[in-house]
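S.K.: Here are the chains, one letter per residue:
Number of protein chains: 2
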Amino acid sequence: MQRSERFIRLTKWLVDRPNVPLSLSELSSRLNTAKSSLSEDMARIRAVLEAEGEGTVTSLHGMAGGVKYQAGVSRARREAFCADMVRRLSDPSRILPGGFLYMSDLLGDPDVLDTVGQLFASRFENVGVNVVVTVETKGITLAAATARYLHVPLAIVRREQRVTEGAALGIHYISGSERRIQTMSLSKRAMPASARAVIVDDFMRAGATAKAVENLLSEFSAEVAGTAVFTATAEPARKLVSDYTALFELGAIAEGQPVDVRVDRAWFEPDVHPASAAVEPPNAVDHSKNV
Amino acid sequence: MQRSERFIRLTKWLVDRPNVPLSLSELSSRLNTAKSSLSEDMARIRAVLEAEGEGTVTSLHGMAGGVKYQAGVSRARREAFCADMVRRLSDPSRILPGGFLYMSDLLGDPDVLDTVGQLFASRFENVGVNVVVTVETKGITLAAATARYLHVPLAIVRREQRVTEGAALGIHYISGSERRIQTMSLSKRAMPASARAVIVDDFMRAGATAKAVENLLSEFSAEVAGTAVFTATAEPARKLVSDYTALFELGAIAEGQPVDVRVDRAWFEPDVHPASAAVEPPNAVDHSKNV
Numbered sequence: 001m002q003r004s005e006r007f008i009r010l011t012k013w014l015v016d017r018p019n020v021p022l023s024l025s026e027l028s029s030r031l032n033t034a035k036s037s038l039s040e041d042m043a044r045i046r047a048v049l050e051a052e053g054e055g056t057v058t059s060l061h062g063m064a065g066g067v068k069y070q071a072g073v074s075r076a077r078r079e080a081f082c083a084d085m086v087r088r089l090s091d092p093s094r095i096l097p098g099g100f101l102y103m104s105d106l107l108g109d110p111d112v113l114d115t116v117g118q119l120f121a122s123r124f125e126n127v128g129v130n131v132v133v134t135v136e137t138k139g140i141t142l143a144a145a146t147a148r149y150l151h152v153p154l155a156i157v158r159r160e161q162r163v164t165e166g167a168a169l170g171i172h173y174i175s176g177s178e179r180r181i182q183t184m185s186l187s188k189r190a191m192p193a194s195a196r197a198v199i200v201d202d203f204m205r206a207g208a209t210a211k212a213v214e215n216l217l218s219e220f221s222a223e224v225a226g227t228a229v230f231t232a233t234a235e236p237a238r239k240l241v242s243d244y245t246a247l248f249e250l251g252a253i254a255e256g257q258p259v260d261v262r263v264d265r266a267w268f269e270p271d272v273h274p275a276s277a278a279v280e281p282p283n284a285v286d287h288s289k290n291v
Numbered sequence: 001m002q003r004s005e006r007f008i009r010l011t012k013w014l015v016d017r018p019n020v021p022l023s024l025s026e027l028s029s030r031l032n033t034a035k036s037s038l039s040e041d042m043a044r045i046r047a048v049l050e051a052e053g054e055g056t057v058t059s060l061h062g063m064a065g066g067v068k069y070q071a072g073v074s075r076a077r078r079e080a081f082c083a084d085m086v087r088r089l090s091d092p093s094r095i096l097p098g099g100f101l102y103m104s105d106l107l108g109d110p111d112v113l114d115t116v117g118q119l120f121a122s123r124f125e126n127v128g129v130n131v132v133v134t135v136e137t138k139g140i141t142l143a144a145a146t147a148r149y150l151h152v153p154l155a156i157v158r159r160e161q162r163v164t165e166g167a168a169l170g171i172h173y174i175s176g177s178e179r180r181i182q183t184m185s186l187s188k189r190a191m192p193a194s195a196r197a198v199i200v201d202d203f204m205r206a207g208a209t210a211k212a213v214e215n216l217l218s219e220f221s222a223e224v225a226g227t228a229v230f231t232a233t234a235e236p237a238r239k240l241v242s243d244y245t246a247l248f249e250l251g252a253i254a255e256g257q258p259v260d261v262r263v264d265r266a267w268f269e270p271d272v273h274p275a276s277a278a279v280e281p282p283n284a285v286d287h288s289k290n291v
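Chains L and U, in that order, are what the protein sequence lines are. With the UniProt record's numbering applied, the first sequence corresponds to residues 1 to 291, in that order. With the UniProt record's numbering applied, the second sequence corresponds to residues 1 to 291, in that order.
Treat the hints loosely; a few may be bogus.
The list treats identical chains as interchangeable, and a pair is accepted whether it falls inside one copy or across any two copies.
Derived SDA-like pairs: lysine to any residue, alpha-carbon spacing no greater than 25 Å straight-line [to be verified]: (1) K211 to E50; (2) K35 to Q161; (3) K35 to S185; (4) K35 to Q182; (5) K188 to G99; (6) K68 to R94; (7) K68 to D114; (8) K68 to S36; (9) K68 to Q2; (10) K188 to E136; (11) K188 to R87; (12) K68 to S90; (13) K68 to D105; (14) K68 to E214; (15) K211 to W267; (16) K188 to R88; (17) K188 to M85; (18) K68 to S4; (19) K188 to Y102; (20) K211 to D84; (21) K35 to V20; (22) K68 to A34; (23) K35 to S242; (24) K188 to M42; (25) K35 to L60; (26) K68 to S39.
What the hints contain is simulated information worked out from the structure, not anything from laboratory work. Here the structure is a predicted model, which means the values were calculated and not measured.
Go ahead and model the full structure; you've got the sequences and the hints to work with.
M.R.: Dropping the structure here:
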């Protein structure tokens, strides 16, 4: 097989399946190529991805020896993404009565989901997470994207116990905003046996929901590796959970006023896969001009 | 830039963003490569993907001239996926009291989601869909995966109107199984102006929910290009919606009995991107052995 063909196949197989370990022996037999050539190819792919700042190929030392692709977002792409999100989130037309911010368009935008999934996964991919947990409904798309890039299952906490979830563990908690008793439950089968979870959600105010999920997970004897949210309000500054990370911090939300949106700078350092001589990925063609 | 490096970059850029049009002019300047060489590279990538039966690269004729990647699932991978799903779905331990089938593990499995997303997207990618619509909660992960591969936004119909969704259009309908009046509503902002939707859900019995979504979408003057569900019961054979496709058909669900699960053969013909001299992607390494 020609080397160009190997590069195309290998790159596709890797990028198609983030965090999935692939055996070098199996790749070698599928491509009818010596393991030594394959290792050279992999080194080349890794170098190109790292130069672009867009992920890497990790070697796995084990019985078989293998590799896996870990996605990454280059610094330039993070900057552009964050600037775009700040612009869109701060738009006063998003403000709904009661001081809520309309975000469902962003939470249903495939580019936003993919980028956030890659960012959240980069943060948690090396801490042994084996499940992503979210609470229905709005956080599900972000959590599913994160689970894709971590390559772990997604478990969805339900507000009401459902017959289709089978036996479930439920708890009561006091919601932050409404100060009333609420319930949440999680299917027993949805959780791995020795679970180490990352909690993903779209929004955090006081953190009552995240705290309740932590409590629910402790009933499963699950560890919580951390909580990642898309947006969190600046106030109250002290949340009910200590170990959380938010991509965007929202200032006061008042009708007619632009929302003050800040990017958590922690997302820009440390630069996990520093870019050198980066070649940025191309922009999408503007459909309106092209079709 | 070396040709091998171009192949790695181009393959990654394409595979990372299914159905996103990329301009040849921009690629040419990013890679500092003549458009003619780039066209040759693209032809090579297309040939390799098509030989593998795993998608293609489509040329876009427009002002700028461009390309986009469309994902595909090779026949062998479809066969393996369907056999695995039939095995897992027919397991009697999934049967819950009341004749329900536990599926949340599959609906949270990143490999299942990715494959179903690719299959559903292949079915609808050339019929001008500009939004994927689902109903909370269980269908959301499948719908998000489909939206990723179609590269269109996802709109989630809510069971109750929520303050965070802004102005919403709501309807009442009679649920199939419980014979009672239910509500569903969809945020006005969540839908594109001239919407052409594909409805995605995890399960269909009589089709009352899908029919209700169709009615709701007609209130938005949206067209429905079709409905795709992961599973549908064989009975009742006559559903309330006519234009739907199910990946798996479920026979009678009775406690302790294996469920009769059938694959809709329509998913195997016509073979959109027929494989010749296919090289199948490698299997993932079994973690339990390797780590």
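S.K.: Decide, hint by hint, whether the structure agrees.
M.R.: Going through the hints against the structure:
In this homomeric assembly, K211 and E50 never come within 25 Å of each other (Cα to Cα): the closest approach is 37 Å inside a single copy and 49 Å across copies. For the identical chains of this complex, K35 and Q161 are neighbours neither inside a copy (51 Å) nor across copies (58 Å), given an alpha-carbon limit of 25 Å. Taking the shortest alpha-carbon separations for K35 and S185, neither the intra-copy value of 49 Å nor the inter-copy value of 56 Å comes in at or below 25 Å. Proximity of K35 to Q182 under the C-alpha cut-off of 25 Å is found in neither arrangement, the shortest distances being 57 Å within a copy and 60 Å between copies.
In this assembly of identical chains, K188 and G99 lie within 25 Å of each other by CA distance solely across copies; the values are 19 Å between and 36 Å within a copy. For a Cα distance limit of 25 Å, the shortest separation of K68 from R94 qualifies neither inside one copy, at 40 Å, nor across copies, at 32 Å. Proximity of K68 to D114 under the C-alpha cut-off of 25 Å is found in both arrangements, the shortest distances being 19 Å within a copy and 17 Å between copies. In the homo-oligomer, the alpha carbons of K68 and S36 lie at most 25 Å apart inside one protomer (17 Å), although the nearest pairing across protomers, at 33 Å, exceeds that limit.
In this homomeric assembly, K68 and Q2 come within 25 Å of each other (Cα to Cα) both inside a single copy, at 22 Å, and across copies, at 24 Å. For the homomeric pair K188 and E136, the shortest alpha-carbon distances inside one copy (16 Å) and between copies (21 Å) are both at most 25 Å. Taking CA atoms no more than 25 Å apart as the test, K188 paired with R87 passes between copies only; the shortest distance there is 21 Å, against 41 Å inside one copy. In this assembly of identical chains, K68 and S90 lie within 25 Å of each other by CA distance neither inside one copy nor across copies; the values are 38 Å within and 32 Å between.
Taking the closest pair of Cα atoms, K68 and D105 come within 25 Å of each other only across two copies (24 Å); inside a single copy the shortest separation is 32 Å, beyond that limit. In this homomeric assembly, K68 and E214 never come within 25 Å of each other (Cα to Cα): the closest approach is 30 Å inside a single copy and 42 Å across copies. Taking identical chains as interchangeable, the C-alpha atoms of K211 and W267 lie at most 25 Å apart only when both belong to the same chain, with a minimum of 23 Å there against 44 Å between chains. In this assembly of identical chains, the alpha carbons of K188 and R88 lie at most 25 Å apart only when taken from different copies (18 Å versus 39 Å within one copy).
Proximity of K188 and M85 under a CA criterion of 25 Å is satisfied inter-copy only: 21 Å between copies versus 36 Å inside one chain copy. When the C-alpha separation of K68 and S4 is checked against a cutoff of 25 Å, the pair qualifies both within a copy, at 20 Å, and between copies, at 20 Å. For the homomeric pair K188 and Y102, the shortest alpha-carbon distance between copies (11 Å) is at most 25 Å, but the shortest distance inside one copy (33 Å) is not. In the homo-oligomer, the alpha carbons of K211 and D84 never lie at most 25 Å apart, since the shortest distance is 30 Å inside one protomer and 37 Å across protomers.
Taking the closest pair of Cα atoms, K35 and V20 come within 25 Å of each other only inside a single copy of the chain (19 Å); across copies the shortest separation is 34 Å, beyond that limit. With identical chains, the CA atoms of K68 and A34 are at most 25 Å apart within one copy only, with a shortest distance of 19 Å there and 32 Å across copies. In the homo-oligomer, the alpha carbons of K35 and S242 never lie at most 25 Å apart, since the shortest distance is 47 Å inside one protomer and 53 Å across protomers. For the identical chains of this complex, K188 and M42 are neighbours neither inside a copy (40 Å) nor across copies (48 Å), given an alpha-carbon limit of 25 Å.
Within a single copy, K35 and L60 get their C-alpha atoms as close as 14 Å, which meets the 25 Å cut-off; across copies the closest is 38 Å, which misses it. Within a single copy, K68 and S39 get their C-alpha atoms as close as 13 Å, which meets the 25 Å cut-off; across copies the closest is 30 Å, which misses it.
Violated hints, in rising order: 1, 2, 3, 4, 6, 12, 14, 20, 23 and 24; the structure is consistent with all others.
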